[in-house]
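Colleague: Sequence:
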Amino acid sequence: MDSFWGNFIIEIGLFTFLGVLYYFYQKRKIIKFEENKGPMVMGYILHACLAERGESPHAELDAIIEAIDEYLHNRTPHPPTALLKHFASSEKCSPELKAVIEQAFLELA
27 MDSFWGNFII EIGLFTFLGV LYYFYQKRKI IKFEENKGPM VMGYILHACL AERGESPHAE
87 LDAIIEAIDE YLHNRTPHPP TALLKHFASS EKCSPELKAV IEQAFLELA
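So the sequence shown is numbered by the numbering used here: it starts at 27 and just counts up by one.
Careful, some of the hints might be misleading.
Listed below are the simulated EDC-like cross-link pairs for lysine to aspartate or glutamate, each with C-alpha atoms no more than 20 Å apart in a straight line [to be verified]:
(1) LYS58 <-> GLU92
(2) LYS111 <-> GLU92
(3) LYS53 <-> GLU81
(4) LYS111 <-> GLU122
(5) LYS63 <-> GLU81
(6) LYS58 <-> GLU122
(7) LYS118 <-> GLU81
(8) LYS111 <-> GLU78
(9) LYS118 <-> GLU78
(10) LYS63 <-> GLU86
(11) LYS124 <-> GLU86
(12) LYS55 <-> GLU133
(13) LYS63 <-> GLU133
(14) LYS111 <-> GLU81
(15) LYS124 <-> ASP95
(16) LYS111 <-> ASP95
(17) LYS118 <-> GLU128
(18) LYS118 <-> ASP88
(19) LYS111 <-> ASP88
(20) LYS63 <-> GLU117
(21) LYS111 <-> GLU96
(22) LYS63 <-> ASP88
Hints listed in this document are in silico derivations from the structure and should not be mistaken for laboratory results.
Sequences and hints are given; from them, build the entire structure.
Modeller: This is the structure:
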């Protein structure tokens, strides 16, 4: 009977230790995801802007694409949120791109 309780205590200790390790592993993954959320969302906006622009030049979209690209390549420390909000509220923005930009801002908040 004594070896049963000894093995039981060792197994509980082992599973507790593994559970704590798994907790810290998941916590680290969540923290890294939150750190990379801004560039990831800006990448989605960039792809939507590129798809919207197509092959034809569009002055406002070209400025936004360039600003997002500079942010993604770490040339500027902050994302171009003011430029995106201004463009999303203008009439030159399509409803689909406006929806993408608004959803991206909700994701970042």
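Colleague: Now tell me, hint by hint, if it's right for this structure.
Modeller: Here is what the structure says about each hint:
Distance check on the hinted pair: LYS58 and GLU92 sit about 26 Å apart at the alpha-carbon level, beyond 20 Å; violated. Our distance criterion of 20 Å between C-alpha atoms is met by LYS111 and GLU92, whose separation comes to about 16 Å. This hinted pair does not check out: LYS53 and GLU81 have alpha carbons roughly 43 Å apart, beyond 20 Å. The suggested pairing of LYS111 with GLU122 holds, with an alpha-carbon distance near 14 Å, which does not exceed 20 Å.
Under the criterion of a C-alpha separation no larger than 20 Å, the hint pairing LYS63 with GLU81 is inconsistent with the structure, at around 29 Å. This hinted pair does not check out: LYS58 and GLU122 have alpha carbons roughly 30 Å apart, beyond 20 Å. With a C-alpha separation of about 17 Å, the suggested pair LYS118 and GLU81 falls inside the 20 Å cut-off, and the hint holds. For the suggested pair LYS111 and GLU78, the alpha carbons sit about 17 Å apart, so the restraint of at most 20 Å is met.
Among the hinted pairs, LYS118 with GLU78 is consistent with the structure: their alpha-carbon atoms are about 12 Å apart, no more than 20 Å. With a CA separation close to 25 Å, the supplied pair LYS63 and GLU86 exceeds the 20 Å bound. Pair hint LYS124 plus GLU86 holds up; C-alpha atoms about 14 Å apart against a cutoff of 20 Å. Between LYS55 and GLU133 the alpha-carbon distance is near 18 Å, which keeps this suggested pair within the 20 Å criterion.
Between LYS63 and GLU133, the direct Cα distance comes to roughly 9 Å. Compliance with the 20 Å bound is thereby established for this hinted pair. A distance of roughly 24 Å separates the Cα atoms of LYS111 and GLU81; the hinted pair therefore is violated under the 20 Å criterion. For the hint linking LYS124 to ASP95, the alpha-carbon distance of about 19 Å falls within 20 Å, and the restraint holds. Our distance criterion of 20 Å between C-alpha atoms is met by LYS111 and ASP95, whose separation comes to about 17 Å.
For the hint pairing LYS118 with GLU128, the CA-to-CA distance comes to about 15 Å; that is within 20 Å, so the pair holds. The suggested pairing of LYS118 with ASP88 holds, with an alpha-carbon distance near 13 Å, which does not exceed 20 Å. For the given pair, LYS111 sits about 15 Å from ASP88 by alpha-carbon distance, which is consistent with the 20 Å threshold. Restraint check: the Cα-Cα separation between LYS63 and GLU117 comes to about 28 Å, which exceeds 20 Å; the hinted pair is violated.
With a C-alpha separation of about 17 Å, the suggested pairing of LYS111 with GLU96 holds against the 20 Å cut-off. Under the criterion of a C-alpha separation no larger than 20 Å, the hint pairing LYS63 with ASP88 is inconsistent with the structure, at around 23 Å.
Of the hints listed earlier, those the structure fails to meet are numbers 1, 3, 5, 6, 10, 14, 20, 22, in rising order.
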